[in-house]
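Undergrad: Chains A and B are the protein sequences, given in the same order. Following the numbering used here, the numbering of the first sequence begins with 80 at its first residue and continues without gaps. Following the numbering used here, the numbering of the second sequence begins with 80 at its first residue and continues without gaps.
It cannot be assumed that every hint is accurate.
[Unchecked claim] Not everything, but these chain A residues come out facing chain B in the computed CB check (under 10 Å):
1. 131
2. 228
3. 237
[As the list claims (entries may be wrong)] Chain B side only, calculated, beta carbon under 7 Å to chain A, not exhaustive:
4. 104
5. 188
6. 192
7. 193
8. 264
Don't read these hints as lab results, they were simulated from the structure. Built from N, CA and C at the ideal position, the CB exists for glycine as well.
2 protein chains.
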Amino acid sequence: MSATARRRTTDHRTRVGRERSARTETKILAAALRVFAERGPDAPKIDEFVAAAGISRGTFYNHFDSVGALLTATSEWTTGELLRTIEVALDGIEGPVLRFGLGLRLFFAKAQSDHVWSLFVARVWKMGSLELPVRDLEEGLQLGLFRAPSPDAMRDLLFGAVREALLRIGGGHASRQYGDEMSALCLQALGVDSRRIATVMRHALPAVVPAEAVER
Amino acid sequence: MSATARRRTTDHRTRVGRERSARTETKILAAALRVFAERGPDAPKIDEFVAAAGISRGTFYNHFDSVGALLTATSEWTTGELLRTIEVALDGIEGPVLRFGLGLRLFFAKAQSDHVWSLFVARVWKMGSLELPVRDLEEGLQLGLFRAPSPDAMRDLLFGAVREALLRIGGGHASRQYGDEMSALCLQALGVDSRRIATVMRHALPAVVPAEAVER
């Protein structure tokens, strides 16, 4: 075998190995999402994830050191994926009220299409990851389109409302219109007048390009 | 001893016994409030309550069958006490916007004065007990003073906001004005205009008559 052919074979093996490793990691994350959604962030033990993913303990530890590390990775995996999807869908849409309102509608539409995801996010999500809406919120406040007595109160009200909404949706207790109703109410909470809210609610929901197919 | 004297002695013993039993129960509830606030509703075992209250296991079981029963009782004890206090304080105050807004301000003032209570309520409270504000909310909606796309969305937004607020206050991360800021933002979320909100915020906070002294 020539040096080039040998190198190619090695590259091929490395690539195949990396792909297999990535697939295993996705499998663990998808299983972890289900386990965390059912049992909350603190209760589950490593063996539950091992059983849910159908892997060995050794394989688990090749990927994650602890339940805490797995929780962080699962949280970033699921919310990061959605936030990128929403960002792409909102590309070209102007104005913080319209962008924030449509972003909320897309967020709740995702929740209504995937109750496991919805419960998971409700139970473990920290607002820290929500970078995109924060940008629109700040712009809206600067332009006087949003009003709030303080950033802390605004953050807590929105975060609390979204978390309760995800619990209701994930528990299967939401009507079909619920996501849009909650989006409209969040805009009202930000001091947006009813005419502008109606415009956001009438606007066609931007098309969402699904993130790369993942094994769930 | 005459029959009357005997009866009096028995009555006295019964009363003393009942009073002692009530004091023990209050002691267990106060200890449970601290334990639940620190550890959440699901994690604690009976021995932790026994140790925190400084009683025997037998005494515990004389009062409560299970951690679940204790949680329900603690929840009713703490929120029921406050809701009665607020109801009394609001006596004679007219109009759902003013009543609801002042009720919120009093509620958060209590939270800011007692972080253990605040964390406990944030972690275990079910909205079900919140009877008084519901009455004001319904009246406000009927009069067109409050607006919401649906009762579910309204309930979830308010409950979520209050819970996040209690977590922030209980964690010691709230400014002195935070309770009033969150009260104002909740009114804005209900569609109340800024002039009316300002009136509620300027209104003197009604005097609160402390509930009967309890051992904490």
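Undergrad: Would you mind marking each hint as holding or not holding in the structure?
TA: Hint-by-hint comparison with the structure:
Nearest Cβ of chain B to the Cβ of residue 131/A: about 20 Å, over the 10 Å cut. The hint is violated. Checking residue 228/A against chain B: minimum C-beta separation of about 4 Å stays under 10 Å; hint holds. The interface hint given for residue 237/A holds, since its Cβ lies 8 Å from the closest Cβ of chain B, which is under the 10 Å cut-off. For residue 104/B, the interface hint is violated, the least distance from its beta-carbon to any beta-carbon of chain A being 30 Å, above 7 Å.
The interface hint given for residue 188/B is violated, since its Cβ lies 15 Å from the closest Cβ of chain A, which is over the 7 Å cut-off. For the restraint placing residue 192/B at the interface with chain A, the shortest Cβ-Cβ distance is roughly 19 Å, beyond the 7 Å limit, so the hint is violated. Because the beta carbon of residue 193/B sits about 19 Å from the nearest beta carbon in chain A, more than 7 Å, this interface hint is broken. Hint status for residue 264/B: holds, given a least beta-carbon distance of 5 Å to chain A, under 7 Å.
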